[in-house]
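> Generate the whole structure from the sequences, applying the supplied hints.
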Amino acid sequence: MFRNIKNYFNKKNLKDEKYSYLFENSSNEEYVCFDCETTGLNPKVDDIISIGAVIIKNNTIVSSKKFIKFVKPKTKLQAEAIKIHHIRECDLLHAEDINDVIIEFIEFIGNRPLVGYFLEFDITMINKYLKPKLGITLPNRALEVSEIYHDYKIEIIPQGHIDLRFNSIMEELEIPTLGKHDAYNDAIMTAMIFIKLKNLQKIK
Numbered sequence: 001m002f003r004n005i006k007n008y009f010n011k012k013n014l015k016d017e018k019y020s021y022l023f024e025n026s027s028n029e030e031y032v033c034f035d036c037e038t039t040g041l042n043p044k045v046d047d048i049i050s051i052g053a054v055i056i057k058n059n060t061i062v063s064s065k066k067f068i069k070f071v072k073p074k075t076k077l078q079a080e081a082i083k084i085h086h087i088r089e090c091d092l093l094h095a096e097d098i099n100d101v102i103i104e105f106i107e108f109i110g111n112r113p114l115v116g117y118f119l120e121f122d123i124t125m126i127n128k129y130l131k132p133k134l135g136i137t138l139p140n141r142a143l144e145v146s147e148i149y150h151d152y153k154i155e156i157i158p159q160g161h162i163d164l165r166f167n168s169i170m171e172e173l174e175i176p177t178l179g180k181h182d183a184y185n186d187a188i189m190t191a192m193i194f195i196k197l198k199n200l201q202k203i204k
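The numbers in the UniProt record's numbering rise by one with no breaks, and the one at position 17 of the sequence shown is 17.
None of these hints come from the bench; they were simulated from the model.
Keep in mind that a hint or two might mislead.
No farther apart than 30 Å at their CA atoms in a straight line, the calculated lysine-lysine pairs in the DSSO-like style are these [as the list claims (entries may be wrong)]:
1) Lys6 <-> Lys198
2) Lys131 <-> Lys65
3) Lys131 <-> Lys12
4) Lys128 <-> Lys66
5) Lys131 <-> Lys196
6) Lys65 <-> Lys196
7) Lys44 <-> Lys18
8) Lys131 <-> Lys66
9) Lys18 <-> Lys131
10) Lys153 <-> Lys57
11) Lys128 <-> Lys15
12) Lys196 <-> Lys153
13) Lys131 <-> Lys57
What follows is the structure, encoded as C-alpha cells:
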C-alpha cells in the first residue's frame, strides 16, 4: 500500500511519458538482479563506475540477457575502493557517460522487481542519476536477499545469531563463488542466492 502511494506521487514527477511503463505492475515471473561498483560508499559524493545485471526467469538466470557497463566517474577513485573492486582510472578510459548508461539500464530492467545484496545502497546510487534525468526514483519493487535469508534462518533457529555477511550466506547455501567485487559476477552470485531462497521459502 505504502509503495503504491509513494509511486503515485513519484509518477507525477516523470519528465518523459515514454517511461510510464516503469510504473506498471510486473505481469510475469521475471526479476532483475543487479550490482554497482562505485568510487566510494557515500552516495552524495561518490559515483558509479560499473553496473552489472542479469534477468531471472522461472528459477533460471538468463545468460543471454545481461547488462555490463563501465562508467566514467566525475569524482576520483578512492584507494580503499580500488582495493575492493580492483578497477583503476586507467581501466575506465573508454568507459561511457552515466547519462547514457542510466537510460540503457532503465530500459533493461523495465518494470521487473529488483533483487540485490545491500540493495538500498545500489538503488540510492541509481536514483542519484535517474532523478535529474527523468524526474523520478526507481519505482520497482525491491527484494533484499539478506532480509529473505534472515527470515528463512529465523524460522530454523529463532534464538540464534544469524550471520548476514555475503560470504557466510554463500557458504551456508552452498553457492559456488565467482570472481568477487565485479558487478556482473556479484549480480550472478546474488541471483543464485535468490533462486535458492525462493525455492526454500515463499516469496510473493
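> Hint by hint, note whether the structure agrees.
Here is how each hint holds up against the structure:
no. : hint              : result
1   : Lys6 <-> Lys198   : 26 Å, holds
2   : Lys131 <-> Lys65  : 26 Å, holds
3   : Lys131 <-> Lys12  : 12 Å, holds
4   : Lys128 <-> Lys66  : 23 Å, holds
5   : Lys131 <-> Lys196 : 33 Å, violated
6   : Lys65 <-> Lys196  : 20 Å, holds
7   : Lys44 <-> Lys18   : 28 Å, holds
8   : Lys131 <-> Lys66  : 24 Å, holds
9   : Lys18 <-> Lys131  : 15 Å, holds
10  : Lys153 <-> Lys57  : 25 Å, holds
11  : Lys128 <-> Lys15  : 16 Å, holds
12  : Lys196 <-> Lys153 : 13 Å, holds
13  : Lys131 <-> Lys57  : 28 Å, holds
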